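Take a look at the letters that make up each chain.
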Amino acid sequence: GQQVMQIPQYQHVQEGEDFTTYCNSSTTLSNIQWYKQRPGGHPVFLIQLVKSGEVKKQKRLTFQFGEAKKNSSLHITATQTTDVGTYFCAGEDYGGSQGNLIFGKGTKLSVKP
Amino acid sequence: DTGVSQNPRHKITKRGQNVTFRCDPISEHNRLYWYRQTLGQGPEFLTYFQNEAQLEKSRLLSDRFSAERPKGSFSTLEIQRTEQGDSAMYLCASRHRQGKGYTFGSGTRLTVV
Chain A
993 GQQVMQIPQY QHVQEGEDFT TYCNSSTTLS NIQWYKQRPG GHPVFLIQLV KSGEVKKQKR
1053 LTFQFGEAKK NSSLHITATQ TTDVGTYFCA GEDYGGSQGN LIFGKGTKLS VKP
Chain B
76 DTGVSQNPRH KITKRGQNVT FRCDPISEHN RLYWYRQTLG QGPEFLTYFQ NEAQLEKSRL
136 LSDRFSAERP KGSFSTLEIQ RTEQGDSAMY LCASRHRQGK GYTFGSGTRL TVV
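These protein sequence lines map, in sequence, to chains A and B.
Last residue of the first sequence: 1105 (the working numbering), numbering continuous.
Last residue of the second sequence: 188 (the working numbering), numbering continuous.
No lab work stands behind these hints: they were computed from the structure.
For clarity, every value in this text was computed on a predicted model and none was experimentally measured.
Just to be clear, a hint being listed does not mean it is correct.
In silico lysine-lysine, DSBU-like type, Cα no more than 30 Å apart, as pairs [unchecked claim]:
(1) B:K175 to A:K1051
(2) B:K175 to A:K1100
(3) A:K1028 to A:K1104
(4) B:K86 to A:K1100
(5) B:K175 to A:K1043
(6) A:K1062 to A:K1100
(7) B:K175 to B:K89
(8) A:K1097 to B:K146
(9) A:K1097 to B:K89
(10) A:K1097 to A:K1043
(11) A:K1097 to B:K86
(12) A:K1100 to A:K1051
(13) A:K1097 to B:K132
(14) A:K1062 to B:K89
(15) B:K146 to A:K1100
(16) A:K1104 to A:K1049
(17) A:K1028 to B:K132
(18) A:K1062 to B:K175
(19) B:K146 to B:K132
(20) B:K132 to B:K86
(21) A:K1043 to B:K146
(22) A:K1028 to B:K86
(23) B:K132 to A:K1043
Chain A extracted, bound-state conformation (with noise of 0.2 Å):
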């Protein structure tokens, strides 16, 4: 069946520098959703990716499809202790599984003041 693995398990960093995640799928994906689980939360949806090659920015988090439609990464840029939270690559593909999204198992970020 359809995976999707997500490195690193976890990431510390100093306040201010830079975090990136990546995801691989083992089946080519219709769209990739990131989600942001802060602890105690529930996850909360950032972003859905559709088409080959997109790139798309919010603020500081920059999200990237793959040509292939198979893998995608999530950028933050000068984390912030606001940044504190796990995020979760989600796949969806139509042609196996209408209509469920396949998680993967997160990046926990923590971020140093």
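Got chain A sorted already, so can you dock chain B onto it with the hints?
Just chain B, lined up with the frame of chain A:
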């Protein structure tokens, strides 16, 4: 937009008991999803409804699990004869047909003792 509401927030039950959780999605969202999340893992897909029709069930969903969405509005997830391995956060999410990301509820944390 009142968000996705889940009840109860916490449930402690003895092994072998039955439990039922409720999810009230965003009213105009016709798609409703149940996920399960354990510590350090990403959400795992359980089942998915479009309106009142249950369109997909994960192989993770044993015959002890059943979900309903009788009128295409709220949904219930029942676990019969609970086992310790059922202890997890049960997340409900909804999505508009034309929408992008999923809106998750705060979840129901189940502890089986």
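Those earlier numbered hints the structure runs against, lowest number first:
7, 8, 14, 15 and 21
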